Amino acid sequence: MSQYTAPVRDMQFVMHELAGLQEVAKLPGCEEVSSDLVDAILDEANKFASGVLAPLNRIGDQEGAKWDHGKVTTAPGWREAYRQFSEAGWTAVAGDPEYGGQGLPKLLSTVVMEMWKAANMAFSLCPMLTNGAIEAIALRGSDEQKTAYLPKMISGEWTGTMNLTEPQAGSDLAAVRTRAEPQSDGTYRLFGQKIFITYGEHDLTDNIIHLVLARLPDAPEGVKGISLFVVPKFLLNADGTPGARNDVQCVSIEHKLGIHASPTCVLAFGDNGGAIGTLVGEANRGLEYMFIMMNEARFAVGMEGLALSERAYQHALAYAKDRVQGPEAGVRGGPKVSIIHHPDVRRMLMSMKSQTEAMRALAYVVGAATDLAHRHPDAAVRAQKQAFVDLMIPVVKGWCTENSIDIASTGVQVHGGMGFIEEAGAAQHLRDARITTIYEGTTAIQANDLIGRKIARENGVTIRALISDMRAVQTQLADQQGEAFAAIRKSLDAGIAAVEAAVDYILATYNNDIKAASVGSVPFLKLLGIVGGGWQMARAALASQARITAGSDDVFYRTKIVTARFYADHVLSLAPALAYAVVNGAAGALALDEAHF
1 MSQYTAPVRD MQFVMHELAG LQEVAKLPGC EEVSSDLVDA ILDEANKFAS GVLAPLNRIG
61 DQEGAKWDHG KVTTAPGWRE AYRQFSEAGW TAVAGDPEYG GQGLPKLLST VVMEMWKAAN
121 MAFSLCPMLT NGAIEAIALR GSDEQKTAYL PKMISGEWTG TMNLTEPQAG SDLAAVRTRA
181 EPQSDGTYRL FGQKIFITYG EHDLTDNIIH LVLARLPDAP EGVKGISLFV VPKFLLNADG
241 TPGARNDVQC VSIEHKLGIH ASPTCVLAFG DNGGAIGTLV GEANRGLEYM FIMMNEARFA
301 VGMEGLALSE RAYQHALAYA KDRVQGPEAG VRGGPKVSII HHPDVRRMLM SMKSQTEAMR
361 ALAYVVGAAT DLAHRHPDAA VRAQKQAFVD LMIPVVKGWC TENSIDIAST GVQVHGGMGF
421 IEEAGAAQHL RDARITTIYE GTTAIQANDL IGRKIARENG VTIRALISDM RAVQTQLADQ
481 QGEAFAAIRK SLDAGIAAVE AAVDYILATY NNDIKAASVG SVPFLKLLGI VGGGWQMARA
541 ALASQARITA GSDDVFYRTK IVTARFYADH VLSLAPALAY AVVNGAAGAL ALDEAHF
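In terms of UniProt numbering, the sequence shown has 499 at position 499, counting the first letter as 1, and numbering is strictly consecutive.
These are calculated hints, taken from the structure and not from any lab test.
Please read all numbers here as calculations on a predicted model, not as lab measurements.
Yeah, the Cβ is synthetic: ideal placement off N, Cα and C, and Gly gets one too.
Please note: incorrect hints may appear among the correct ones.
[Said to hold, decoys possible] Capping the alpha-carbon separation at 20 Å, the derived lysine-lysine pairs in PhoX-like fashion look like this:
id, residue 1, residue 2
1, 71, 47
2, 66, 256
3, 256, 71
[Claimed, not checked] Distance ranges between label pairs, derived from CB positions:
id, residue 1, residue 2, range
4, 413, 177, 22 to 30 Å
5, 334, 478, 41 to 49 Å
6, 238, 468, 54 to 62 Å
Kindly produce the complete structure, drawing on both the sequences and the hints.
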């Protein structure tokens, strides 16, 4: 059965060498984030992830969550694990110290998040959604809402949810029908149904704080008429403790391909007179506020893609080292060897390893940029970093999750026939990964956001700055000797040129022919992810070579260079083909009449 151990060494390398932990530690509020503190946190998180959460992953997949007359029971071991999780302070890592949080930087919480998701993705979804709800209340809630909810949510005593989707309103939130009727005491009564609500009901805590999109009676049509409300499962007594049950019920949970232990709920609001809620911020600005949660969640789902890739790689690697099958290629009549000796298995493992490391590097860099965007004393730097984060969140979400499906599938392939057997465990990673490209906005939604809001709307300013940064790394590669660096430079050069060509096409086409530009949106997202990952792998190779030149004989650094070379040859080399699809792919996609499909 699959075990999980966090790749702490690679995590530390990326934090220090690529994401700029030292720079983050100088930011206001981060002064106490020393290397010793970071190492201690990673060590404890690794122990909890591998020792508590990972052993429950298979149990959760087999047992799942159970629904009975409105009550949801989580999988065996879940309640005890969640109690340990919250009591150890893991729910408070990134929380505001004013409300009991630890206030640690996004970069560090990102690394810890990867561990939870790799160890047990279904478990990690509960604190993930809670963090999004915390963020929305913290940024747009009233003082009363913050005081009432944030301390308990940050401590993990209560959890939170996002309630957007309805049976008739999936990605099209303009179709939301849930209504909110104002009351004389300043509260609202909500009526409607929400679907696909992660941890919308469970037995882990004594209250659940729902963030719900709904329409006021006088709201305008479309997305401009949506407001956001806090609707607790239990109304609060005067002393802040849970009191009477609110009029929100779980009427069923979904039966899913994967993440079986995460209850995906159908919630009914107002079947018995109306669910009582309070307005968050201003009326009719709910979608704007919900996107605060969505951006947090989209980054976190990207981390799920990374985490599942790491877990699938570890699973496949262990099997490849253990499974004995056939002699080595070219050794006629030789002894049977473990399959890691076979060239194609090595290719598959290197593909899994290199892409996972590229995703980790890019995601951590975006996490660190988030810290700079929020905390840097210079407003110009904050704006620049925020623009970079906004550009890259769709890439982290879309590219990492699309990769995770391919990587988990490769993990099944490494197992051969055993990979198709549930008891081997490899199939769970593939089943769990499949949802990640769908929820919190499909890959197409991420890609449309990328080319429209993040590139066309600002005429390519931020992405051209990113291309300039990539070019600077490519120039540094020219100063290095050896075949590996020549190969990395060649592929990175072609990749950057591919991004430039695709960006030029998008800017020239989007405003005149949005359909043609949109055909290439997902290929472009993948292109930018691949080249962004190659950019970071090149930086990793340069940093490793610097360590070697300084006298280190640590095999870790030589391995990083080899892995970067593999990525350049096998992954980054695909970039020109993706750019070709972006620039030339519209005609074939749009030519047929609907009846001819």
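Results for each hint:
1. 71 to 47: Distance of about 32 Å is beyond 20 Å: violated.
2. 66 to 256: Holds, because 13 Å separates the two Cα atoms, which is no more than 20 Å.
3. 256 to 71: holds (18 Å)
4. 413 to 177: 22 to 30 Å: violated (45 Å)
5. 334 to 478: 41 to 49 Å: About 43 Å separates the Cβ atoms of residue 334 and residue 478, which means 41 to 49 Å holds.
6. 238 to 468: 54 to 62 Å: holds (58 Å)
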